[in-house]
Amino acid sequence: MRELTFAQAIREALDEELARDEKIVLFGEDIGAWGGVFRTTEGLYEKYGPERVIDTPLSEEGYVGMAVGIAMTGMHPVPEIMFGDFITLAMDQIVNQAAKMRYMTGGQVAVPITIRATMGGGRSSGAQHSQSWHAWFAHVPGLKVVVPSTPYDAKGLLKTALRDPNPVLFFEDKVMYHKIKGPVPEEEYLIPFGVADIKREGSDVTIVALSRMVHTALAAAEQLAQEGISAEVIDPRTLTPLDEETLIQSVCKTGGAVIVDEGYQRFGVTAELAAVIAKGAFDYLDAPIERVAAMDVPIPFSPPLEFATIPDEERIIQAVHRVLEGRRPQ
Amino acid sequence: MSDFKTLPVEPNLLIEMYRRMLTIRFFEEAIFDVYRKGWMPGLAHLSDGQEATPVGVCMALRPDDTITSTHRGHGHIIAKGGQVEPMMAEVMGKVTGYCRGKGGEMHIADVSLGILGANGIVGGGLGIATGSAFTAKREGKGRVSVAFFGDGAVNQGLWYETANIAVLWKLPLIYVCENNQYTEFTYWKNLTAGEGLVARAQAMGMPGIEVDGNDVVAVYQAARQLVEAARRGEGPATLVCHTIRYGGHHVGDPGTAYRTKEEMDEWRKKDSIQRCERLLVESGIFSPQDIETTRSEIEARIQNAVQKARQDPFPPVEEVSEHVYA
Ligand SMILES: Cc1ncc(C[n+]2csc(CCOP(=O)(O)OP(=O)(O)O)c2C)c(N)n1
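Protein sequence lines correspond, in order, to chains U and X.
Start counting the first sequence at 5; every next residue gets the next number (the numbering used here).
Start counting the second sequence at 4; every next residue gets the next number (the numbering used here).
For reference, chain X alone in the conformation it holds in the complex (with noise of 0.2 Å):
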């Protein structure tokens, strides 16, 4: 048994991780439900099984630093400070939504937390991200930019053209790629020459770290290693961090006809949550029965978003052409 003296985060930081993914595990848990109720339209693209990336990165950030997000956003979105009840009133179409209905599940955004859309396009939130890393420089408060985004992207030329600016003019930017294993349905390996993403960071001449990306500690303090460099002037950095979703693409698809079985049972044991419950219990932070309470906590957190964002009225009609223009 360790205790938490040795721990290498303090205990309420691992703590609030603790509680930031298990509200990520949860919320997509939910979505699942819903979707299949058909209580939401459009697709559901969940990250149940990556939690500890967002929350390990986002812990390495201030308030005001600024993420950009995928089509799979929920859980960078709940990492960074973003609350359930307007998310899920969101993916419902609601007007009581984050984006008052007209973002929607692949859309979230809560600009006042810094967090600055997800995205549609794979990849096109790199452009947002690197803007906003000129902006932080330019005022000179130490605020960084972070871009997650997916196996999938690495092959945008986006990410080439940004990143080459991002190193010439030293802005204050992590790239963040998760690496759920597929992109959409086929390896990554079949889509990306070479060594992957840190070597082509590194022929850029920016530093990159892999790390295992379902252990929050292990995410979060390669992440701050990042973040402070970027926070000192030292210019942009990339951070991989390997990791899966349990479910498929998206909720229509159940992940299983390009993944194996024992190949998803080898990543269960890896699961992040009950790794950070397992430190937690054993640093004698929490007692089993901390546990327990914590999770129906955040589960009756969730169910009565659910409830509530049913409830909500859609956006009247009238709103259609509003925030056309500004």
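One chain only, chain U, in its complex shape (with noise of 0.2 Å):
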């Protein structure tokens, strides 16, 4: 099967459902004539014009509140975030008009947005061009969270995403956009929301990771193959809605979970995916979950700094072991 990368994925994705679905507009900075900071939208607006693929001002919070209006007069508006770390801009928007618009008028509208942010450490950006918001969102009724990690999840997702008659917010790490490649086939494809993907099969502990931190659980998990240790890698793909059932389900067939993920720690993602595996597999559990996220501190800028608050394979092969020392004699 061909190859693409994460940005090519997106853009394939993108591509396929601006064809498709004329109601489909996209808005953002940069993402015209330029073809966006991250080329994601590269050649998408020689082939659909500045009428569907608009360079806005610098005013997050005017676009992403357009949209709204855009989608409950029935459009699909697709904003871009820049950098994710910019959507506490437009914040007011998202989670007091766009997640509620729908309940509060007792279902007379829906509100199909795209939202795409980019997410994710590692390039020695600095304090507000590396963080990760995704569990906010998580956080609130009225939105759906997508976290790909690979160009095949990335594309069936986005795809599912622009078909979708609700906010959805969707997170790609932009450390992955050239560097992650894998198969995309030709034919088209939708991943639906809401089903894991078991990425690595085992039988001794579950590490449940999202987006980046997939890759990087991969890696680990490859290591702890070669001490003898075998780990089932879970991707959620989606936070909202979660597939609860996939994960209860490996925890109970491993007896232990380690889960990964870039946002902080306080009150996140892992925080929340413990719980659910807590309750469901509390019989289960031979000792307790451990989570590996990133330190709760703002992103620093001198690599050796960032390195260190971000999780590494290092990180979590040490919280594998510790599930696994920590294990109730038989």
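Here are the simulated DSBU-like cross-link-like pairs (lysine-lysine), alpha carbons at most 35 Å apart as the crow flies:
#1 U/K51 x X/K173
#2 U/K163 x X/K173
#3 U/K163 x U/K283
#4 X/K173 x U/K27
#5 U/K203 x U/K163
#6 X/K192 x X/K173
#7 U/K163 x X/K144
#8 X/K144 x U/K27
#9 X/K144 x U/K51
Below, a sample of chain U positions facing chain X; criterion: calculated Cβ distance under 7 Å:
#10 S63
#11 E65
#12 M70
#13 V72
#14 I74
#15 M76
#16 T77
#17 Q97
#18 R106
#19 Y107
#20 T109
#21 G111
#22 V113
#23 G146
#24 N170
Hints are computed from structural coordinates only; laboratory data are not their basis.
Every residue gets a Cβ at the ideal spot worked out from N, C-alpha and C, and that includes glycine.
Relying on the hints, combine the two individually framed chains into one complex.
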């Protein structure tokens, strides 16, 4: 099968959906003639023109707010947040407007918006260009949150988002754009929300990881295999809706869980997933659940400091060892 | 005595304006009563005194034009054709309300009438209105979008962001600032630098007009001019209507601590409904008897709406998790 980069897979999803549905319109800063600062919209402006691929002023609140009105009046806007950190500026429009319009009107309207935002550190971009804010949105009823890890998943999930009648937050780890390559079929396919993917089968411990951390977890699992430890790696792919069943079943099988996320640990995604597993697989857990997340500090600039804050293979392996050592005697 | 041939608007239009203004006034008075009696939960933000602004603007609109409203939105909704029965039920949290009791006093919407929702966030509807104007321009059917907001929202960043985009993209959008002089409890000039919103609009390259917001005909004529320009593709415009709310910020506030009696007496002399009644009678469209009949008819309709809404059921609790997702 042909291989695409993460960025190419996203671009192809946008391209196919722009061609399929003329109600889809892209908005963002430098996404038009320039093709986006991460090149994810390259070529789309030439193909669909300035009416469909629209350069906006630096007004995150303004164009995300417009997206709410555009969605309520029958189109499907796709606003892009260049660095996911800047989503703070559009927070009211996402959390108080987009997420609630359907509910507050008693079901009178649907609000189909796909907000694409980047996430992730590791590029020495400093504390205001490196954060991962997906947990905030998973907290809000009325929103859906997607955190793809592979080109295949990114394409299939983005196409689903672009057909979903709800506001969807689609988080793309910027380190993956041009570094991660993977097979993507030529034929059309969609990936439903709420279905986790078992990225690697194993029997001794379950590692749940999201977005780029799936690759870190897979690398850790590879090393653990050399020690004779068989780790299962599960990628939830979407946080809302969340496939609780697959997580619980895996932990029932392995008896241990390590949860990995590039968002902050405190009150974050790892806490919620740990609670889901603790409730659903309590009798099967042989040791306390371990969490590996970003340190609760602003993301530093200097590389050794920055890498210390972000989960890496070593931290995952140590967490797995803690789980296996903590195992109650049979 | 003037006669209706010299009237600036069609007699039937003036009658309809009068009816809608009166409906707003009586609706707000009924809500005051309902609130005091403890028949509705939450707060009540009334707009009695401000009727001429929403009615003058909405009479210049087509049914397919859209509006967004504010926390003080009852008047905008009635002016755009909203019905008092489902409004009253919504305010009381009943399942028969416009939003099945999930919106409430500050969030009434009737999307089929182009009412894209009142908003509890001051200025929060500006994005929605601009988005609707974007879709309108795409559709190319001459539809326009109106954003109602108060003097307080003028200082929200969203106005600047959307106004800039609306001018750049020539969107058919009318920003209607209903300046009732007070942002909650503070005089607007203590919060807004410079000459006000029209000056700011002009700085963005957008035309703006200021009118007496208690004169329904003046509001209508100004709105018409701006709406037609927007329909022709000339882009957005700003309309500032100066008016007053008779009551406090909400029913629990008497509105007397930060405003003087003299000031309010002056405003009462400019009452929009009395002025409209004088115009109707002096131009021979209505007799004093017609005025009385109209008043009792509208009053009765609203009282019926109150009685009906009181008897209507609350939503079944199973509905609590419906409508979170489409
Ligand atoms: C973003 C935001 N800030 C503050 C409030 C609290 N608040 C509700 S109404 C109001 C005053 C609004 O004044 P104005 O826009 O002039 O409208 P008016 O109440 O005079 O009709 C304030 C501060 C709010 N609802 N939303």
